[in-house]
Amino acid sequence: MDNNVNVNETTRLPLIGDKAPAFKAVTTQGEINFPQDFSGKWVILFSHPADFTPVCTTEFMTFASMAEEFEELNTALVGLSIDSLHSHIAWLRGIQKLEWNGIVNPEVKFPLIVDIDMNVSTKYGMVHPNSGSKTSAVRAVFIIDPEGVIRTILYYPSSTGRNFQEIKRIVVALQKSDREGIATPANWEEGKDVIIPPPGTCVAAKERMETKDEDMYCLDWYLCFRKDK
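Note that the working numbering has the sequence shown beginning at 230, numbered continuously upward.
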């Protein structure tokens with residue numbers, strides 16, 4: 230591995246609304262062609278600093294335990310770290326023997342990318358040299374829609390495990406927004422009221438405030454809620 234990696238290259242990242250950078254990679258589930266192989270699905274592409282590390286182990290146990298929940302949301306999981314295939318396999322086999330937080334002997338069935346050459350982590354800006362390492366990925370999360378467009382980007386420091394219920398909440402909110410043309414307010418959870426788009430004219434604003442629709446209520450002309458369907 231070239232330890233003189235260009236810092237500007239390792240910190241470059243795609244943005245929300247960009248097409249997810251394409252790549253081919255070896256994984257623990259065979260070779261993948263990304264995002265082509267996941268066309269029509271939502272994808273959570275996430276990186277972790279290294280195999281056989283404590284926080285990462287709890288994260289993989291949690292993701293493995295939630296795999297069916299994400300599958301029901303038409304969402305695939307794809308992990309990554311800058312480690313070898315044999316390291317990945319040994320670590321995931323070891324995880325199957327563990328028990329923590331009510332999770333017993335979890336089997337990681339989703340692919341874990343081998344990124345020793347840092348090709349994928351560079352494309353996605355997953356390596357942050359000032360975070361402590363030039364050859365390890367930070368805890369990055371990219372939520373990508375069925376059209377291959379990046380919809381959410383999250384970064385966590387190495388010391389802080391991710392909140393996987395929040396990651397799931399984001400997927401649910403994005404899918405609902407796309408499906409119903411609404412937005413979700415602060416701390417929204419499934420089943421709670423949603424925000425409808427503000428009116429675009431004075432006449433529409435007046436009509437909005439005077440509406441008798443029992444399923445809608447307004448705090449002001451631009452801030453109106455609809456009861457969840």
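Since the hints were derived computationally from the structure, they do not count as laboratory data. Keep in mind that the hints are not guaranteed to be accurate.
To be verified - Below, simulated EDC-like cross-link-like pairs (lysine to aspartate or glutamate); rule was C-alpha separation at most 16 Å, straight line:
1. Lys456 - Glu409
2. Lys253 - Glu328
3. Lys405 - Glu443
4. Lys352 - Glu297
5. Lys253 - Asp266
6. Lys456 - Glu419
7. Lys456 - Glu395
8. Lys248 - Glu260
9. Lys435 - Glu418
10. Lys270 - Glu297
11. Lys421 - Asp374
12. Lys458 - Glu395
13. Lys458 - Glu439
14. Lys270 - Glu288
15. Lys352 - Glu419
16. Lys270 - Asp374
17. Lys458 - Glu436
18. Lys270 - Glu443
19. Lys397 - Glu418
Quick rundown of the hints versus the structure:
no. : hint            : result
1   : Lys456 - Glu409 : holds (12 Å)
2   : Lys253 - Glu328 : violated (33 Å)
3   : Lys405 - Glu443 : violated (21 Å)
4   : Lys352 - Glu297 : violated (29 Å)
5   : Lys253 - Asp266 : holds (10 Å)
6   : Lys456 - Glu419 : holds (11 Å)
7   : Lys456 - Glu395 : violated (22 Å)
8   : Lys248 - Glu260 : violated (21 Å)
9   : Lys435 - Glu418 : violated (30 Å)
10  : Lys270 - Glu297 : holds (14 Å)
11  : Lys421 - Asp374 : violated (23 Å)
12  : Lys458 - Glu395 : violated (21 Å)
13  : Lys458 - Glu439 : violated (22 Å)
14  : Lys270 - Glu288 : violated (22 Å)
15  : Lys352 - Glu419 : violated (33 Å)
16  : Lys270 - Asp374 : holds (7 Å)
17  : Lys458 - Glu436 : violated (22 Å)
18  : Lys270 - Glu443 : violated (35 Å)
19  : Lys397 - Glu418 : holds (10 Å)
Going through the hint list in order, the structure does not satisfy hints 2, 3, 4, 7, 8, 9, 11, 12, 13, 14, 15, 17 and 18.
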